[in-house]
Structure formats: C-alpha cells, structure tokens
Amino acid sequence: MFNKKFFLYLVLSLVFYGVVQFLITGMWLNDFYVDTLVLIGINIILAVSLNLINGFTGQFSIGHAGFMSIGAYVSAIMTYNFQMSFPVALLAGCVAAALAGLVIGLPTLRLKGDYLAIATLGFGEIIRIVWLNTEYVGGASGMNGIDKLTNWTWTFFLVLITILVIQNIVKSTHGRAMISVRENEIAAEAMGVNVTKYKVYAFVVGAFFAGLAGGLTAHYFYIIQPTSFNFMKSFEILVFVVLGGLGSTGGVVLGTILLTLLFTYLQEYPELRMIIYSLILIFTMIFRPQGLLGGFSAKKMVKKGGSSQDGSSTTSA
Amino acid sequence: MAAQQLLLNVDNVSRVFGGLKAVSDVNMQIQDGELVGLIGPNGAGKTTLFNLLTGVYEPSGGKIHLSGESVGGLRPYQITKRGAARTFQNIRLFGDMTVLENVMVAYHMHARHSLFTSIFRLPGHFKGEAEMREKAVEFLKIFNLDGKKDEIAKNLPYGEQRRLEIARALAARPKLLLLDEPAAGMNPQETVDLMNLIRWIRDEFKITILLIEHDMGLVMGVCERIYVLDHGQIIASGTPEEIRTNPHVIEAYLGQEV
Amino acid sequence: MFEYIVQQLINGISIGSIYALIALGYTMVYGIIKLINFAHGDVFMVGAFVGYFAAKAGLGLFWSLILAMAVCAILGVLIERLAYRPLRGAARIVILITAIGVSFLLENLGIYALGPQAKGFPEIVTKTQYTLFGDVTINSVQIIVLAVTVILMVLLQYVVHKTKMGKAMRAVSYDMEAARLMGINVDTTISFTFAIGSALAGAAGVVFAVMYPSVDPLMGIIPGLKAFVAAVLGGIGIIPGALVGGLVLGIVETGVSSAGFSLWRDGAAFAILILILIFKPSGLFGKNVREKV
Ligand SMILES: Nc1ncnc2c1ncn2[C@@H]1O[C@H](COP(=O)(O)OP(=O)(O)OP(=O)(O)O)[C@@H](O)[C@H]1O
Ligand SMILES: [Mg+2]
Numbered sequence: 001m002f003n004k005k006f007f008l009y010l011v012l013s014l015v016f017y018g019v020v021q022f023l024i025t026g027m028w029l030n031d032f033y034v035d036t037l038v039l040i041g042i043n044i045i046l047a048v049s050l051n052l053i054n055g056f057t058g059q060f061s062i063g064h065a066g067f068m069s070i071g072a073y074v075s076a077i078m079t080y081n082f083q084m085s086f087p088v089a090l091l092a093g094c095v096a097a098a099l100a101g102l103v104i105g106l107p108t109l110r111l112k113g114d115y116l117a118i119a120t121l122g123f124g125e126i127i128r129i130v131w132l133n134t135e136y137v138g139g140a141s142g143m144n145g146i147d148k149l150t151n152w153t154w155t156f157f158l159v160l161i162t163i164l165v166i167q168n169i170v171k172s173t174h175g176r177a178m179i180s181v182r183e184n185e186i187a188a189e190a191m192g193v194n195v196t197k198y199k200v201y202a203f204v205v206g207a208f209f210a211g212l213a214g215g216l217t218a219h220y221f222y223i224i225q226p227t228s229f230n231f232m233k234s235f236e237i238l239v240f241v242v243l244g245g246l247g248s249t250g251g252v253v254l255g256t257i258l259l260t261l262l263f264t265y266l267q268e269y270p271e272l273r274m275i276i277y278s279l280i281l282i283f284t285m286i287f288r289p290q291g292l293l294g295g296f297s298a299k300k301m302v303k304k305g306g307s308s309q310d311g312s313s314t315t316s317a
Numbered sequence: 001m002a003a004q005q006l007l008l009n010v011d012n013v014s015r016v017f018g019g020l021k022a023v024s025d026v027n028m029q030i031q032d033g034e035l036v037g038l039i040g041p042n043g044a045g046k047t048t049l050f051n052l053l054t055g056v057y058e059p060s061g062g063k064i065h066l067s068g069e070s071v072g073g074l075r076p077y078q079i080t081k082r083g084a085a086r087t088f089q090n091i092r093l094f095g096d097m098t099v100l101e102n103v104m105v106a107y108h109m110h111a112r113h114s115l116f117t118s119i120f121r122l123p124g125h126f127k128g129e130a131e132m133r134e135k136a137v138e139f140l141k142i143f144n145l146d147g148k149k150d151e152i153a154k155n156l157p158y159g160e161q162r163r164l165e166i167a168r169a170l171a172a173r174p175k176l177l178l179l180d181e182p183a184a185g186m187n188p189q190e191t192v193d194l195m196n197l198i199r200w201i202r203d204e205f206k207i208t209i210l211l212i213e214h215d216m217g218l219v220m221g222v223c224e225r226i227y228v229l230d231h232g233q234i235i236a237s238g239t240p241e242e243i244r245t246n247p248h249v250i251e252a253y254l255g256q257e258v
Numbered sequence: 001m002f003e004y005i006v007q008q009l010i011n012g013i014s015i016g017s018i019y020a021l022i023a024l025g026y027t028m029v030y031g032i033i034k035l036i037n038f039a040h041g042d043v044f045m046v047g048a049f050v051g052y053f054a055a056k057a058g059l060g061l062f063w064s065l066i067l068a069m070a071v072c073a074i075l076g077v078l079i080e081r082l083a084y085r086p087l088r089g090a091a092r093i094v095i096l097i098t099a100i101g102v103s104f105l106l107e108n109l110g111i112y113a114l115g116p117q118a119k120g121f122p123e124i125v126t127k128t129q130y131t132l133f134g135d136v137t138i139n140s141v142q143i144i145v146l147a148v149t150v151i152l153m154v155l156l157q158y159v160v161h162k163t164k165m166g167k168a169m170r171a172v173s174y175d176m177e178a179a180r181l182m183g184i185n186v187d188t189t190i191s192f193t194f195a196i197g198s199a200l201a202g203a204a205g206v207v208f209a210v211m212y213p214s215v216d217p218l219m220g221i222i223p224g225l226k227a228f229v230a231a232v233l234g235g236i237g238i239i240p241g242a243l244v245g246g247l248v249l250g251i252v253e254t255g256v257s258s259a260g261f262s263l264w265r266d267g268a269a270f271a272i273l274i275l276i277l278i279f280k281p282s283g284l285f286g287k288n289v290r291e292k293v
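Top line first, the protein sequences correspond to chains A, B and C. Residue numbering for the first sequence follows the UniProt record's numbering, beginning at 1 and increasing consecutively. Residue numbering for the second sequence follows the UniProt record's numbering, beginning at 1 and increasing consecutively. Residue numbering for the third sequence follows the UniProt record's numbering, beginning at 1 and increasing consecutively.
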C-alpha cells in the first residue's frame, strides 16, 4: 500500500539512482561498476519475477531462461532488423515472452511439483533449440552487434517498475489467491479461487518480466547466443530466488545483489570461481534452507511435490 | 417451516475407485434452510459424497443439482461460485497466511477489482480491499477469532483452526454449507459450543447446512434430518428419533464397532 | 528401406541402452527419496574419467569398468551422506538446489583438476565392423555396450528382487516410515541405492567414452538430462520403465538425426518429455494415483 514506508523506500531508491547517475555522468564510476550495477538490476528483474511463480504461487518452474531468451531475441530483432525504438522493442519482447508463458502455462499447469519443474525445464530447452535452429537469428552463433541501448537509467527504473508491479499483485486479493494456491490448492479451489487462472496469471506476468530482463541483456552486451539461455541460466535464477528466500521480495532482491556481487568478485579467481560458488550453494541449503530472509517455510513443497494431478506414486523400485 | 424450495438434489449419484464403489446410487434431497446430518461408519463414503458435491471428484454416474442448476462435472471453484462451500475432514487451512488472510481468500470471488486495477493501484483497488477486510473481520468476530486475526493460521490451536475453517467457508457466502466432521478432535464443551454456533449460523445467515459427524450427541442434537450411509449406500433417512430406532442403522453401527 | 530401419534401430538401441543405464540411477534414487538427483549426470562423467585413467594406465575394458563402477559407487554414497542426508525432510526445492550445487561442484572440480578440453579416449576396444545381413552392420563397441547393459540389468534385477537389500529398497521406496518401523535400516538402504545407481552411471560413462572416444568435465550434462527424460518416459521410480524409456529415447533420437534433423535431436527428447508429462505424467508404466481429500 501507499504508506509512509513505501514513500521512504521510494525516496531512498531515487536518491540512490541520482547518486549513481551523477557519478556516471562525472566519469567517477568506471565501466566495471556500471556493468555490475546493470547486471544486478537485470538479475533482480529475473529473480523477482520467478519468485512470483515459484515463491508466491508455489509452482516449481525452472524454465525462466527460455522466457528471457524470447525477450532478448524479439527485442533485438525489433531494433536490429526493424529499427524500432528501444521501449517499443522491449515491450514487444515482453509481450512475446508473456505469450509464450501463456502457451506453455496452459497445458503444463495441471502438473505439480517435480513434474512441473521438469516440464518447464524441457520447454526452456526447446525454446533454446528453436533459436539454435533459426538461421534468421544467427543459429548457434547468435545475434551480433545489437545496439547498446540499455543504460543505468533504463535498468534502474525498469527494476523499480518490476518490483512495484509484483508487489502490487502480491499485496492484493489476486496475490492472496496465488498464495492460497501455494498453501493448499484443493482448499483454494474449494474457496472459489480459479486455480488454473491464477497459475496462468503468475506464469504470464513472470514470463513478461523475464522477457524484459532478456531485452535489457541483449541491448547491453551487444551479443546474444542460444547457449546463454540454457537450463544453467534458469538454475542460476532459481538459486537467486531460493537463496534470497522464496516468497519474500525483499529477500530475493537482497540475495540477488549479494550473489551477483559475489560472482563478480570471484571473477578474479577464474579457476576457483565456480567451485566456491557451488560450495556456497550447498552450504547455504544445508545450513539456511529458508534463504536469507525466507518468507514462507517452503515446507508445503515437500508434501505436495512429486505427484501431479493424477501423478504417479512410486509403486515399484 | 414454510413452503420450501429444493436446494440440493442428488439423483442416483455414484463414484467408483478402481473396483470399489465408494458411493453407490445415492439419492438425497435437501430443502432450503434445512440442517441435515450425514452419518455412517468409517469408510462409508461420506467424505467422498462431499467431494462429489463440491466438484473435487466427478461422479461416475448420476446427477447433482444445486438450486435447480446441474453442477455435476463442474470444477470446485465453479460450484463454490454457485453457492456451496465446505470444510475439510483433515484441516486444509492456508497455513502460512494469517487468520485474516485465510478468510479474505474465501471472499475473493466476490471481489470486484481486477488484477489490472490492483497492479496500477486504481481507486477501485483500495475500496475493494478495504471492503474485503471489513467483511473478513466480521466473520472472524462471529467465531471469536478477531483477536487473532494477524496470527499465522498454522500456529492456532486445533479447535480454533477448525473454527477458522468454518469461518472461511462462510465467508464465501454459500447457500449450502458442507461441514466434514466439524467437531473432530474437540472436547465436549467445545462441541456443545459448536452445536449452538452451527444452529445460530443457519438462522442468522439463512443458509442450509449439511454436516458429517461421528459425534452422535451433536448430530442428534442439532440436525433436523439425518441420512445414514453405509458401504456407499443410503440405508436410512429421517428424523433423529427415527434414525435412533432404525434397525438397519443399529446393525450397520454394531457390525462396525466391535 | 527395411535394412535402413534395422540399422537405425541397432544404432538407436546402442545409445539408448546407455541412457537406460544412467536412467536406472535416476529412477532408483527418485523412487526411494523423491529427489531428482541432478548430480547423477556428473557421476557418469566421473565414471568416464576413471575409465579414461584406467585405460591410460593399461587396464583393459573389464577392469576399467569395475574400477569406474567402484569409484562411482563410493562417490554416490559420499554425495548422499554429505549433501543430501542432512536435508532429509527438508523442502523439495531445497534438496533440488543442493543437487544442482553438487552437480556444479563436480563439473567445476573436473575443469579445475583436468582442464576444460576434451581428451581422446584410448582405444581399449578394437573397433571392427560386422555385417549382419545386407547393408546392416554392427560394430564391436555397440556389441559391448549392449552386452554390458544386458549383464548389468540382469544383475540389478537379481539384486532388487532376490536379495535382502533389494527387498529393503523396495520397502523403503514404498513407504519409508513403515519400512523404518519394520526394522529396516533406512539410511543404509538409501546409501545402497545411491551406490548401485552411481555404479551403473559409472559403467555407462565408460562405455559412452568408448563409443564416442572422448571425455570432458561437462560431458555428463546432456546424457544426464536425456537419461532423466528416459526415466520420466518409463515412469519415474519404475526400474523396467527406465530401460524401455532409454531405448525408446535412443531410437527416436537416432531416427530424428538420420532423417536429417540432427540439430533438432535434443529438441526431440524434450518434446517427448513434455508430451508424456502432459498426457501420461506417470510415464508409460506408471499407475495413476490421486491425492485423497
Ligand atoms: N481418492 C480415492 N481413491 C481411492 N479410494 C478412495 C479415494 N477416496 C476414498 N476412497 C475410498 O472410498 C471409501 C470411502 O471413503 P470416505 O473417505 O468417503 O469415507 P468416510 O465415510 O468419509 O469415512 P471416515 O468416517 O473415516 O471419514 C473408502 O474405502 C476409501 O478408501
Ligand atoms: Mg470422511
């Protein structure tokens, strides 16, 4: 809601934006820091939007990179091949990703737990393989020489909008409907919540913002390739969300910032970087499974996961 | 009781699981405003019948009409929208949500502000949310839970969780309220309070109640009419007095309880 | 045309039986602790490397296989003990992320210790081509792959159905709590399951490396995913299902490649995955069970 706390945060973040912009304009902040800030912003958009699906609605999706790639490719095609303006291209990417969310969401949403996870992983990979086989977007070598249109200002305000939209959803009757699906799907439906509709909403909105992050990425790093959007990327986003705390936007933002910083910092130790990263992952899960600021205990997923609507029980081994 | 209307008409409904006929050719007519009990030994098919009435399972055969409208085969949320809400035998609260939020979810389907309105925080959002909150608190007051509205539901003691489930079901504003063993796990005093509460709810909200219960004291004390289910079939129906003396019923219960 | 089809079947079955070997590990582990063990593909990679070093050291196929299976069995048990056991009873997503972490760890330890480049696998099996009939051929490597798969499958069936440990495994996967109450040592049983599943993956790693003579630290990712698809296809948790799933997947992939769509080959695997999940999520051999309300 629009209360005091909200305005305090808004003012603080605008001040932060202003200071950074001032430093950039004055050339006091070198490219490395700007890169890191933009990357953090993009990762926040990815994580916060995946959190709507996984954290709030309790659906287990690990195909976020697929939606991201749609935003990246579609918006890059728009600026590169059709000379559209940046905002229009971004929006086109978002809408395309959201449509993909709809198309993927409808048939898969009867699946639950692990089964949904695998299906989304499969869809993510299929999307990547489609790019790989599309000559129009450069096949395996991808698209090159995309204009660098993303900057700190775009990133900052789009992060802000993403967080606002997600929070506005979550803190409304629609968000409560989503959370009720996570908490107890059968009870939610018995209380008149159209469970399928809200799962689709979560997927569509989540995909929309994943597309936005994709568009920003494409226009910051000049180049996009199918391999950048494989299931490893989806895992990475999932890790931000789980380490931050499923169902807690604040936790997810914080977790994403810390992990992105850590990752950037570890770049100085290329050989050890991924090893340290993996160890941190494992140790956090063992010693702090609820994430940094875990919202809900995620226990529900233990009980429910593994069986789809008419899923298999494991009758023989 | 004045001239009444048929609210629920269950016509030859069956449900088969594998080879097991859990509910078999059940007929049941409930008039507007009645308070009806459904009893039967363990595994008789009572909960399954509830699941059929609320759309959790699809009937294998037969028809169900609610206020004259066929509801067989509809999704649970569609049936709830048509006026039937329920509680569960094994409590199914939204455990990590607050008490208030639990009730607000049930009021969700009456909300008029769209997702779009909420995202952009248009005036309708604030009005709609305030109204929902107000209504939800009203329901909590009835169940004496308003003092705990900000507690996490799963932290409530058992008896209060049961009451919260009823409050939640009621917040969906049903015509027909289905209670699956509402007194299970309650002590005698709580059961008596619940009995009075159920009767009061029916009169206050002018709704119809169908309840499953093993506690005979409660059933006989509060229900005007009782159906007895055994092995998926209705073996008797009538007033508490008739049921108490019905030889089939006695046999079903004796055969069951050793 | 007939010969062409038989040839593709032979090729498909060879690669499919490798998927099946890996899929068995997925399926057994899932069956027993409901975990998609994402690190399983990397255990396969470790098996291939053990085979590589064994072969370099002059060991033959048999001893390379045995060594790889032994090392992988130990590795599997260690992974379970150190990473998964502390999380028993934790949320699914948490264990899944841990598995992803273990997977990353194995891959990157591999890169750190062995370098990212692919290494040629020594020729421990002389590749000879046999003509079956007409133009249909089978080579010695394919024969070995098939033989290893068949032998291991028979052994596995024996272990699962005839030994005490196998009975315990089935009991635990059916109902862990009940098994515990019946006096079955659940922890030992789970370790044993990991050991067997990982040993099978290790064997698969060696025969895979013999077939496509090269090894690298990321080689487990794609076969791992494919094997997982195979497990789901057959009905995850069901042992014969993993075998059939692996074979079907191998045949379909070979078919797609030989029809000239080799770039779409991986896509085919995932398309199968999605179709099966949507239309029969319990897999070809799974039973449908609904949640009781
Ligand atoms: N989803 C299901 N799948 C298979 N069998 C089921 C299912 N649901 C119920 N049954 C079976 O149907 C029968 C009736 O069960 P139900 O739960 O309706 O009984 P009940 O009368 O509510 O018993 P109780 O008093 O113990 O709650 C039982 O034999 C039960 O095992
Ligand atoms: Mg019951």
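Note that these hints are calculated values from the structure, not bench results. Check the hints yourself; a few may be wrong.
[Said to hold, decoys possible] Taking beta-carbon pairs under 8 Å as the criterion, some of the chain A residues facing chain B (in silico):
#1 THR36
#2 ILE186
#3 ALA188
#4 ALA190
[As the list claims (entries may be wrong)] Derived pair list, reagent style SDA-like, types lysine to any residue, alpha-carbon separation capped at 25 Å:
#5 LYS5/A to ILE119/B
#6 LYS148/A to THR196/A
#7 LYS21/B to ILE186/A
#8 LYS127/B to GLN167/A
#9 LYS171/A to THR239/B
#10 LYS154/B to GLY89/C
#11 LYS171/A to ARG112/B
Small disclaimer: the values here were computed from a predicted structure and weren't measured. Note that CB positions come from ideal geometry on N, CA and C, so glycine has one too.
Tested hints:
no.	hint	verdict
1	THR36	violated, 30 Å
2	ILE186	holds, 6 Å
3	ALA188	holds, 7 Å
4	ALA190	holds, 5 Å
5	LYS5/A to ILE119/B	holds, 18 Å
6	LYS148/A to THR196/A	violated, 39 Å
7	LYS21/B to ILE186/A	holds, 23 Å
8	LYS127/B to GLN167/A	holds, 18 Å
9	LYS171/A to THR239/B	violated, 48 Å
10	LYS154/B to GLY89/C	holds, 19 Å
11	LYS171/A to ARG112/B	holds, 16 Å
Hint compliance for this structure: hints 1, 6, 9 are broken, all remaining hints hold.
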